[in-house]
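Number of protein chains: 2
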Amino acid sequence: MKVVLYELVGKDDHRFSPYAWRSRLALAHKGLEATYEPCRLTDKDKIAFSQQERVPVLKDGDTVVPDSWAIACYLEDHYPDRPSLFGGPVGRGVARVVNAAADTQLIPAMARLILGDVFATIDPADREYFRKTREPRFGVTIEAIAAGRDSQRQPWLNALGPFRLVLKEQPFLSGTAPAYADYILFGTFQWARCTSPYPLLDRDDPIYAWREKMLDLFGGMGRKAKGYPVG
Amino acid sequence: MKVVLYELVGKDDHRFSPYAWRSRLALAHKGLEATYEPCRLTDKDKIAFSQQERVPVLKDGDTVVPDSWAIACYLEDHYPDRPSLFGGPVGRGVARVVNAAADTQLIPAMARLILGDVFATIDPADREYFRKTREPRFGVTIEAIAAGRDSQRQPWLNALGPFRLVLKEQPFLSGTAPAYADYILFGTFQWARCTSPYPLLDRDDPIYAWREKMLDLFGGMGRKAKGYPVG
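In the order they appear, the protein sequences are chains S and V. For the first sequence, this note's numbering assigns the number 1 to the initial residue and increments by one for each residue that follows. For the second sequence, this note's numbering assigns the number 1 to the initial residue and increments by one for each residue that follows.
Please keep in mind that the hints were generated in silico from the structure rather than gathered at the bench. Accuracy of the hints is not assured; some may be wrong.
Because identical chains cannot be distinguished in the list, a pair is counted as satisfied if it fits within a single copy or across any two copies.
To be verified - Dumping the calculated BS3-like pairs for lysine-lysine here, alpha-carbon to alpha-carbon at most 30 Å: (1) K168 with K44; (2) K168 with K30; (3) K11 with K226; (4) K132 with K30.
From just these sequences and the hints, can you work out the full model?
See the structure below:
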């Protein structure tokens, strides 16, 4: 039986959640076939079985796992004979630092560049909910964020500093081959790729070359996603 | 034959380098006895054998290794049968992200709180060199940094955000037991402990409790260091 990932969907079937992308890559890394069940932000009924209100949610037989970090840990523990996402308990511990840095630093910094485009990409039925929940986080309107984004590109590039330094020295965050820490960072970039044409990286940035390699993984899974091929 | 770590020394034998502390803990983790050779910032002759000008430098028989990250990798590769610093290649890859975050985000943020105290702790013979090399990095005098530090405490606490989030959920950055990623963050705190009484953390911060555990490791190695017991 295939596992099912319930994930955010926008208009025209854009699948842009940075968290769902972490889970998508983790499933592919484990070689698990999955079906993807689209949910709008306001489709809370569709995931009521998970007893919480946020996607992604993984359903594997009778097991229900919400939250991308918990999903990665579940896959690692439940499918231990398949390629490891963390390379062991120390690697899992430290990957959580990358997860927390993406959640608290990278996603907010990226939001200041693409939130207007994300708003334009969500399903029209979700717009009111999106505005009501997101604007208080930033203290300004979505339109004000969109208008000011050019001034926020340098802070975004600065927030990537540690990742850039590492990718100058080694091919992937996880060393010589990609693993979950890479999927965390890549998921963040897929959020943009699937919603926004805004240029997020300079071509000579080591992160740009890494992202190209990540887009090629698993038969070009990330590259084929509905979105904007540059940026 | 014991390994030798050449490390920075201040006045009254204060050993405060955040990078040397990473190496000190790594040596203890590997169960290696070491001697510590103090070097002032301007004692470039003393480490001329390493063909570069920065401490820490590790000397293990005929092998000479400068740079704390390279030292950790050397110890891991050369003493593979002793407790692992990284838990494997994926863990090593991802620990480098923590290393880069400490170097580019945490140390500069902490410097804005303690640089005046560091200046007061270095050997008087190093003061001119220290001022000449550090002030251009900040674009202001050491005294101006010291005078403005209270306004920089919140940015420092914000920079710790990802680490705080992780340490709310698990005992160490490396999972259930400390490893090199923890030594990186702890080394940063030892820089402050050995130079400054400034309070860096609130007592209810999960990082505070983690730091207490780290101070107890290896017979209280960090706690016994010459410095300031609170902060």
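> At most 30 Å between C-alpha atoms: does K132 with K30 qualify within a copy, between copies, both, or neither?
Replying inline: neither (37 Å within a copy, 53 Å between copies)
> Given identical chains, is K11 near K226, meaning Cα to Cα at most 30 Å, within a copy, between copies, both, or neither?
Replying inline: This pair counts as within: shortest intra-copy Cα distance 11 Å, inter-copy 61 Å.
> Should K168 paired with K44 be assigned to within, between, both, or neither, using CA atoms and 30 Å as the limit?
Replying inline: Answer is between; shortest inter-copy Cα gap is 28 Å, intra-copy 42 Å.
>> Checking an output row: K168 and K30, CA cutoff 30 Å. Within, between, both or neither?
In response: So K168 and K30 pass the 30 Å test inside a copy (27 Å) and across (28 Å) alike.
Checked against the numbered hints given earlier, the structure breaks only hint 4 and satisfies all the rest.
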